[in-house]
Amino acid sequence: MIHWVIFVVFGAISVAGAINLLAQRHPINSALSLIAVLASLAVEYLLLGAEFVAAVQVIVYAGAIMVLFVFTIMLLNAGEEERTRGSRVAIMFGIPGMLAGSVLIAWILLRYSGTSSVGIGPLLGSPSLIAPLLFHDFLLPFEVTSVLILIAIMGAVVLASREPAPPPGPRGER
Amino acid sequence: MVPLPYYLVLSGILFACGVTGFLIKRNIITIFMSIELMLNGVNLSFVAFAAHWHALSGHVFVFFVMVVAAAEAAVGLAIIIAVYRTRETLNVDQVNLLKL
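Quick mapping for you: the protein sequence lines, in order, are chains A and B. Each residue of the first sequence is one higher than the one before, counting from 1 in this note's numbering. Each residue of the second sequence is one higher than the one before, counting from 1 in this note's numbering.
Keep in mind that the hints were calculated from the coordinates and are not lab data. Treat the hints with care, since some could be wrong.
[Stated by the list, open to error] Coverage of chain B stretches by chain A, computed from C-beta distances (three or more under 8 Å per stretch; other residues unrestricted):
hint: 1; stretch: 5-11
hint: 2; stretch: 23-30
hint: 3; stretch: 34-43
hint: 4; stretch: 54-68
[Claimed, not checked] Interface residues of chain B toward chain A, partial, derived using beta-carbon atoms under 10 Å:
hint: 5; residue: M1
hint: 6; residue: V2
hint: 7; residue: A16
hint: 8; residue: C17
hint: 9; residue: T20
hint: 10; residue: V47
hint: 11; residue: A48
hint: 12; residue: A50
hint: 13; residue: A71
hint: 14; residue: E72
hint: 15; residue: A73
hint: 16; residue: V75
hint: 17; residue: A78
hint: 18; residue: Y84
hint: 19; residue: R85
hint: 20; residue: V92
[Claimed, not checked] To be clear about the criterion: a stretch of chain A counts as covered by chain B if any three or more of its residues have a C-beta under 8 Å from a C-beta of chain B, and this derived list gives those stretches:
hint: 21; stretch: 13-24
hint: 22; stretch: 37-48
hint: 23; stretch: 62-75
hint: 24; stretch: 101-111
hint: 25; stretch: 141-154
Backbone N, C-alpha and C fix where the C-beta goes; we use that ideal spot for every residue, glycine too.
Work out the full structure: start from the sequences and follow the hints.
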């Protein structure tokens, strides 16, 4: 019973945050509601026994990545978005289409899946159980991710760095 | 005990909200946040299936998805900063040329 209560409450918070993300015009409000979605998803992970994933969700996603987003929004002084003709067309066709799609997916899932259920057992994904997988079975992908992170850092530095001052000449007035 | 399909429906709703945001938003940063929302919807279904089958590989996959999302956020926000420097706008309707 308590599982149901926690699932429904935090599922409702995450869906409300996701819809609020769409409804808000200012990106900083969208970012804050995305943080609410991420935090309530961490509770859902904990409900599913994924201890490690819940911790990483809070630390990496709600912490590091969202700080990066908020920092960029403040750096670029992003204001409210203006509505254009293209966005009105997208709203007109996008929202009914996605509603129909999600209702279809929900109907199929609820209709054709059995009565299997998921609940809190013993905490399934404790760090001591994840570690052998991560450092033994998935060692190569794990090491490759470190190379990926390194390349991403270098790419970010190169992309965000200012261009050197253009040489005097025909492009000098830029 | 919550049945598995309910978790999958929740993850589907979050994914649909992400797709909708990707389609209807015009601010490039908000579009980027919608992509993060889609990734989170998929992560939830990974964890739900891992709990259902008692297989921990799902958790490791969520970890990898988070790593890729972090790398993507770093590079993507750098690209957004570069775009803003040259165009002075964040509206994707006005960013329609590859080269100025």
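To see whether the hints hold, each was checked on the structure:
1. 5-11: holds (count 6)
2. 23-30: Check passed, 7 qualifying residues.
3. 34-43: holds (count 5)
4. 54-68: holds (count 11)
5. M1: Cβ of M1 of chain B sits 4 Å from chain A, so the hint holds.
6. V2: Interface hint status for V2 of chain B: holds (5 Å vs cutoff 10 Å).
7. A16: 4 Å, holds
8. C17: Hint holds; C17 of chain B Cβ to chain A Cβ min 4 Å, cut 10 Å.
9. T20: At about 4 Å, which falls below the 10 Å cut-off, the nearest Cβ of chain A leaves the hint on T20 of chain B intact, so it holds.
10. V47: 5 Å, holds
11. A48: 6 Å, holds
12. A50: Nearest chain A Cβ about 7 Å off; hint holds.
13. A71: 4 Å, holds
14. E72: 8 Å, holds
15. A73: 5 Å, holds
16. V75: 5 Å, holds
17. A78: 4 Å, holds
18. Y84: Where the cut-off is 10 Å and the nearest Cβ of chain A is about 5 Å from Y84 of chain B, the hint holds.
19. R85: 8 Å, holds
20. V92: 9 Å, holds
21. 13-24: That given contact holds, which follows from 6 residues of the stretch 13-24 of chain A lying within Cβ reach (below 8 Å) of chain B.
22. 37-48: With 7 residues closer than 8 Å to chain B, the stretch 37-48 of chain A meets the three-residue bar; holds.
23. 62-75: holds (count 7)
24. 101-111: holds (count 6)
25. 141-154: Coverage by chain B holds here, the residue count being 7 at a Cβ distance below 8 Å.
No hint from the list above goes unmet by this structure.
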